[in-house]
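Going down the list, the sequences are from chains A and B. Sequential numbering from 1 applies to the first sequence in the UniProt record's numbering. Sequential numbering from 1 applies to the second sequence in the UniProt record's numbering.
Some hints could be false.
Stated by the list, open to error - Here are the simulated DSS-like pairs of lysine-lysine, each with C-alpha atoms no more than 30 Å apart in a straight line:
#1 A:260 with A:48
#2 A:151 with B:231
#3 A:111 with A:85
#4 B:10 with A:143
#5 A:111 with B:350
#6 B:93 with A:111
#7 A:128 with A:207
#8 A:91 with A:111
#9 A:128 with B:10
#10 B:129 with A:171
#11 A:128 with A:111
#12 A:143 with A:85
#13 A:85 with A:171
#14 A:37 with A:249
#15 A:151 with A:128
#16 B:350 with A:171
#17 B:231 with A:85
#18 A:111 with B:10
#19 A:85 with A:48
#20 A:48 with A:111
#21 A:37 with A:91
#22 B:10 with A:91
#23 A:171 with B:10
#24 B:231 with A:91
#25 A:128 with B:129
#26 A:151 with B:10
#27 B:231 with A:128
#28 B:231 with A:143
#29 B:129 with A:111
These are computed hints drawn from the structure, not numbers from a lab. No experiment lies behind these values; they were computed from the predicted model shown.
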Amino acid sequence: MNPRPDHSQLVAPDDGIARGDVLLDVRNVSLSFGGVKAITDISLNVLKGEIRAIIGPNGAGKTSMLNVINGFYTPQVGTIIFRRKERCSMKPHEAVGQGIARTFQNVALFKGMSTLDNIMAGRSVMMKRNIGWQMLWRGPALKEEIEHREKVEEIIDFLEIQHIRRTPVGKLPYGLQKRVELGRALAMEPSLLLLDEPMAGMNLEEKEDMSRFILDVNQQRGTTIALIEHDMGVVMDLSDRVVVLDYGKKIADGPPDEVKNNQDVIDAYLGVPH
Amino acid sequence: MFYRTAGQFKTTYQADHALFPVRQDAVLLGIVLILAFVVFPLTASEFAFRALLIPVLIYSLAALGLNVLTGYAGQLSLGTGAFMGVGAYACYKLISIFPEMNIVVALALSGFFSATVGVIFGLPSLRIKGFYLAIATLAAQFFLVWLFQKWAWLYNYNASGAIQVPNIDFFGITVAGPRAPAIVQYYFVLCIVCLLTFFIINITRGRIGRMWKAVRDMDIAAELVGINLMKTKLLAFFVSSYVVGIAGALFVFLWRGAAEANLFDIPLSFRVLFIAIIGGLGSVLGNFLGAILIVALPVVISSVPEAFGLPLSSATVEHLNIMIIGALIIAFLIVEPHGLARFWAVIREKLILWPFPH
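Produce the entire structure from the sequences given, and follow the hints as far as they go.
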């Protein structure tokens, strides 16, 4: 196989936080829907430049945790500090402005648009030309469009999806759709990338591809990644640190090897009466 | 064979972003424009201008405006007729208050009135979706038509309650009113429609078009890529109502010559919606194909049997027309929800590959 092209020119934006410092700090967060407690008093942090995995049995509160991080839910208790700034309640599109991008458990692409347009849509926020220039399609608007197209083509090249550039994403197989969704998140040039089960429903080969992309994104672009995944082999190999949730509570946090041998984790996965 | 794209290479992104990356498309559009600007005016009769060419253009423009909202941004609207009315009444008031005003300026300004009204009635779209939004726009339809009837200031306190277009000159040539020649009106409408279509094509293929389509396809995901749903939806209402309003002003000033409030009632809204659906939601070309079909159908039904010596009564023509259009709409919704524009896309794809099947 040919060596993969170097994409090191694609770097995550500099946010003034050194590698290894705390990028996101979630402190004592609780979230409940009526009487149902989704998350109870969880604290966790994500360090700049690492791959952080969140695992746990079904219904443990993993996706709720991601939704809290990107502003989709506002927790009743607790604080979230992102890039050294404490965050009050905000709309999801404001979280994007701060540099958080995510993918979904069920693919959430724009089905009627082509791969290229989907990834370009990820850059909407960065494009500023107003409707007056847009309707003329000349001068600044065209220049901006082409600048962003070049960035998007780098991402398309990186994810090896050149051949489906013009295909409506609704017609693509599931594995490729997941890849396009990753591309759209990357187009937003996030400093924190949230991946909700990036490998769900994939076969072994697709999983290997996706793992490679995640590692490359992390190493070449320096993007910090928080991911949810059920495939333990993948999680243990990819991630730097793992946090384990069960019934909305944190039961373990640490490097993969430590977590693997933690008795609470083994109980949660094998099932022990609570 | 005629549509072969082989050998047309793009070496820059600029070339790839051209309006027609495929050369044959540009040639085809050139032919259509020559037909529209040269051949039709030379050959068409007064009847053809008034019954076919001008209404096709105006309905295309109205459908284009609706398509921005429904086809691109995914917000169903049943108030098109009323928004056309706002454009028409605004233009009428501007012309009667400032008789010296240039008609093009009056048209452009009247678009802003309908756009503002469109944004106001678009506010519910921030909370409700789909059929419920359609009902909210239906409220606009009934309210505005009621307003056109009851607010006598709008029609200058005429006894008839109708608005009557005066003779209006545009740089010395009469373009509207009883004295205006049909060929001048045709050229006037054609230029405006071409210009607005060009603008809409550019808007829909750039950033704003992608944001609209993103909101249409999955609004939650759109929000999570940083798109502000409120601004995007209201912008769609603004642009859509602007175009629809200008179409409404042209409808009265350059075609009908006079209008009563009930002209803008719900049948007009449905007519424009049918054109957009039959033509193809989410396409610019479709509006023109749909308008040609809807406007030409009654003319064809009445003139073709006559040519074969079987004249039909006008009532029969109307009934046949309603039945055929009804059947067509049902057929399109089942067979090809993307309308005539998709038919053309399929034909074009086949032509590019021809004589090979894949």
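Status of the hints after comparison with the structure:
no. : hint             : result
1   : A:260 with A:48  : holds, 23 Å
2   : A:151 with B:231 : holds, 26 Å
3   : A:111 with A:85  : violated, 36 Å
4   : B:10 with A:143  : holds, 17 Å
5   : A:111 with B:350 : holds, 23 Å
6   : B:93 with A:111  : violated, 44 Å
7   : A:128 with A:207 : violated, 37 Å
8   : A:91 with A:111  : holds, 24 Å
9   : A:128 with B:10  : holds, 26 Å
10  : B:129 with A:171 : holds, 26 Å
11  : A:128 with A:111 : holds, 25 Å
12  : A:143 with A:85  : violated, 34 Å
13  : A:85 with A:171  : violated, 42 Å
14  : A:37 with A:249  : holds, 10 Å
15  : A:151 with A:128 : holds, 16 Å
16  : B:350 with A:171 : holds, 19 Å
17  : B:231 with A:85  : holds, 27 Å
18  : A:111 with B:10  : holds, 27 Å
19  : A:85 with A:48   : holds, 15 Å
20  : A:48 with A:111  : violated, 33 Å
21  : A:37 with A:91   : holds, 22 Å
22  : B:10 with A:91   : violated, 41 Å
23  : A:171 with B:10  : holds, 25 Å
24  : B:231 with A:91  : holds, 14 Å
25  : A:128 with B:129 : holds, 28 Å
26  : A:151 with B:10  : holds, 18 Å
27  : B:231 with A:128 : holds, 14 Å
28  : B:231 with A:143 : holds, 24 Å
29  : B:129 with A:111 : holds, 18 Å
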